[in-house]
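Protein chains: 2
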Amino acid sequence: MTEALNAGSVIGILGGGQLGRMLSVAAARLGYRCHIYDPATHIPAADVAAMVTNAAWDDETALARFAASVDVITFEFENIPTATLDFLEPLRPIRPGRRALAVSQDRLSEKAFLRDLGLQTAPFAPVDSLDALQHALGAIGAPAILKTRRMGYDGKGQVRLESPDDTAAAWQAMQDAPAILEGFVPFSHEVSVIAARGVTGEVAAFDPGENLHKSGILHETRVPARLSASQRTDAILMAAKILNALDYTGVLGVEIFVTPQALIVNEIAPRVHNSGHWTQNGCAVDQFEQHIRAVTGLPLGDGQRHSDVVMTNLIGDDLDQLPDLLRAPHAAVHLYGKPQARPGRKMGHVNRIIPASR
Amino acid sequence: MTEALNAGSVIGILGGGQLGRMLSVAAARLGYRCHIYDPATHIPAADVAAMVTNAAWDDETALARFAASVDVITFEFENIPTATLDFLEPLRPIRPGRRALAVSQDRLSEKAFLRDLGLQTAPFAPVDSLDALQHALGAIGAPAILKTRRMGYDGKGQVRLESPDDTAAAWQAMQDAPAILEGFVPFSHEVSVIAARGVTGEVAAFDPGENLHKSGILHETRVPARLSASQRTDAILMAAKILNALDYTGVLGVEIFVTPQALIVNEIAPRVHNSGHWTQNGCAVDQFEQHIRAVTGLPLGDGQRHSDVVMTNLIGDDLDQLPDLLRAPHAAVHLYGKPQARPGRKMGHVNRIIPASR
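The listed protein sequences derive, respectively, from chains S and H. Numbering-wise, the first sequence is residues 372 to 729 according to our numbering. Numbering-wise, the second sequence is residues 372 to 729 according to our numbering.
Hints are computed from structural coordinates only; laboratory data are not their basis. Some clues are possibly wrong.
What the hints assert, rightly or not - Chain H regions said to be covered by chain S (calculated; three or more residues, Cβ under 8 Å):
1. 388-398
2. 653-664
3. 700-706
Stated by the list, open to error - Now the stretches of chain S that chain H is said to cover, found in silico as 3 or more residues with beta-carbon under 8 Å:
4. 418-431
5. 645-658
6. 675-689
Said to hold, decoys possible - Below, a sample of chain H positions facing chain S; criterion: calculated Cβ distance under 10 Å:
7. 421
8. 600
9. 601
10. 670
11. 675
12. 676
13. 709
14. 722
15. 724
16. 725
17. 727
Heads up, the beta-carbon is just placed ideally off N, CA and C, and yes, glycines get one too.
Please model the complete structure; the sequences and the hints are all you need to start from.
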């Protein structure tokens with residue numbers, strides 16, 4: 372496939388959460404239809420998709436039918452079972468490709484990939500035993516953080532070590548899963564770059580946003596981020612380097628720690644990213660549309676920021692603020708249609724536009 | 372129903388064209404789901420709706436099932452058969468209500484309503500015979516335009532009379548349908564006001580846009596419109612007057628001719644309106660979301676313009692420009708997913724954002 376998909380083509384999306392939902396809306400805006408595949412029922416994307424398959428990740432009949440109905444496959448989260456991808460890959464193009472997934476599904480592979488690319492990361496060491504953990508902590512120093520290599524997000528599967536006394540409990544918490552110990556980076560703030568790469572290799576990046584976390588979950592992204600002009604350029608070049616090294620197609624999020632000395636890559640996400648939601652109300656073309664353009668072979672669009680934006684996640688009972696948020700000036704509310712507000716569950720977000728003075 | 376509909380409630384939309392499509396996306400953004408009712412298959416709204424019913428306007432079984440599945444009913448076009456509305460009205464609230472539809476479905480009722488409200492319109496007279504037409508043309512003067520009272524849009528069902536010699540042919544073109552003769556207004560330009568009224572009576576209006584037509588079809592809307600500060604206020608007050616007089620719930624479009632002496636109402640549309648599409652990229656809350664907020668009982672949102680916008684319709688083979696439009700700076704492309712570009716068919720639109728200087 373070297374040409375763009377025709378209007379009316381079908382994009383298969385693995386995963387039907389809020390990211391799949393917003394991808395589906397963006398695809399429709401470009402004249403495409405979406406087929407969502409998700410084992411869960413009552414998924415946010417189902418409300419705005421042309422087709423939905425509710426089936427298990429290992430249901431090969433359902434997967435084959437899904438693949439036959441779509442022209443290209445993409446995904447909204449990186450932890451799709453390898454066997455599912457193995458089954459789908461010969462049937463339809465998967466974008467971004469397997470390499471990006473393989474790298475980002477494993478924290479150790481990701482760190483090694485970044486280091487090999489000449490980018491700075493936090494100090495890290497693989498940990499597969501209590502012995503190895505003690506060794507690693509000796510080398511990296513406390514405080515440090517022990518993480519499972521796979522399947523962690525939003526602070527899950529992580530234990531902080533304050534001193535060598537914590538090693539036994541920390542290793543036990545891993546339940547024998549392969550892990551990675553990471554040193555702390557004394558950063559002043561975190562920024563993220565949301566960047567896209569098209570099938571022909573063109574790269575486009577949105578302005579970096581500055582992220583504020585609460586309880587390990589993204590709380591707020593502000594654009595523009597506090598960065599010098601050269602830091603801003605460097606951050607975007609880092610994202611471009613990663614995209615090119617992975618021969619990537621689609622949107623990728625790069626979280627970066629800012630220290631006085633350097634920009635240090637925290638992690639990468641091979642998909643649209645929560646810290647890019649501000650683009651919906653700050654740019655003519657948002658991250659979701661940019662991803663759809665990339666995976667369908669359309670030219671990337673103009674992601675220049677026309678307005679400053681503060682994006683705030685609505686998590687759990689933050690929804691109680693809704694009556695005020697709906698009336699707030701310059702506020703664009705985006706809800707995900709999830710049935711219930713559970714603690715820690717992302718229910719929506721608000722983009723507050725800061726209009727330029729005229 | 373005095374409180375807002377709960378998240379997850381279902382909005383029934385009569386008509387599944389591009390307006391229904393964009394309403395459905397806006398509803399999802401607020402956590403609602405949409406059920407589209409349309410006799411046609413392959414409708415634009417089906418790609419982004421939770422539920423779709425393809426059935427005739429007089430299929431009472433399908434209508435009853437549709438009504439039972441929704442919490443409120445709205446519509447994307449005003450020419451829904453009266454019998455359909457008669458059937459649905461006792462089952463679920465229809466917003467906006469029957470009065471707005473009755474007034475706007477008939478050009479004569481509409482003109483009379485506006486005149487009774489103290490607003491200026493073009494001179495007009497009912498025509499139900501060749502005699503009446505000759506009489507009316509004598510009173511109004513040539514040139515004038517003869518229109519069917521019902522079902523006309525985008526220049527259809529209209530004949531221009533340049534002199535009394537044209538009366539016989541013009542009346543024949545009406546095929547005995549009740550008609551209205553309207554005098555010409557020597558206007559410098561046309562603007563439209565897109566305004567909303569909530570269930571509690573609150574009113575909000577977007578900045579007036581300036582419309583340019585080609586071959587009787589809207590080609591472009593520019594915001595801001597060329598209006599003095601007092602004209603701008605007057606235009607918005609006219610829209611508010613109409614909304615209140617109709618005890619209206621939802622978004623309404625008012626087309627206004629601007630002359631040096633006065634603002635003259637051309638016509639009203641009891642629905643979201645093509646000339647309001649610019650709001651998608653110029654405001655935090657667009658006309659589609661404002662309509663959904665109104666009909667579900669949510670507070671109206673902030674429709675302040677954060678950026679100037681030029682909206683251009685993509686009609687028929689205008690789609691050939693797509694490769695350039697997708698690359699154009701500050702351009703937000705919105706396609707409707709229609710299968711084929713026919714001459715005169717609205718296939719999409721582009722909003723060009725004009726960023727404020729910083």
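Structure-based check of each hint:
| no. | hint | result |
| --- | --- | --- |
| 1 | 388-398 | holds (count 3) |
| 2 | 653-664 | holds (count 3) |
| 3 | 700-706 | holds (count 7) |
| 4 | 418-431 | holds (count 4) |
| 5 | 645-658 | holds (count 3) |
| 6 | 675-689 | holds (count 3) |
| 7 | 421 | 5 Å, holds |
| 8 | 600 | 15 Å, violated |
| 9 | 601 | 20 Å, violated |
| 10 | 670 | 5 Å, holds |
| 11 | 675 | 7 Å, holds |
| 12 | 676 | 8 Å, holds |
| 13 | 709 | 8 Å, holds |
| 14 | 722 | 7 Å, holds |
| 15 | 724 | 5 Å, holds |
| 16 | 725 | 9 Å, holds |
| 17 | 727 | 4 Å, holds |
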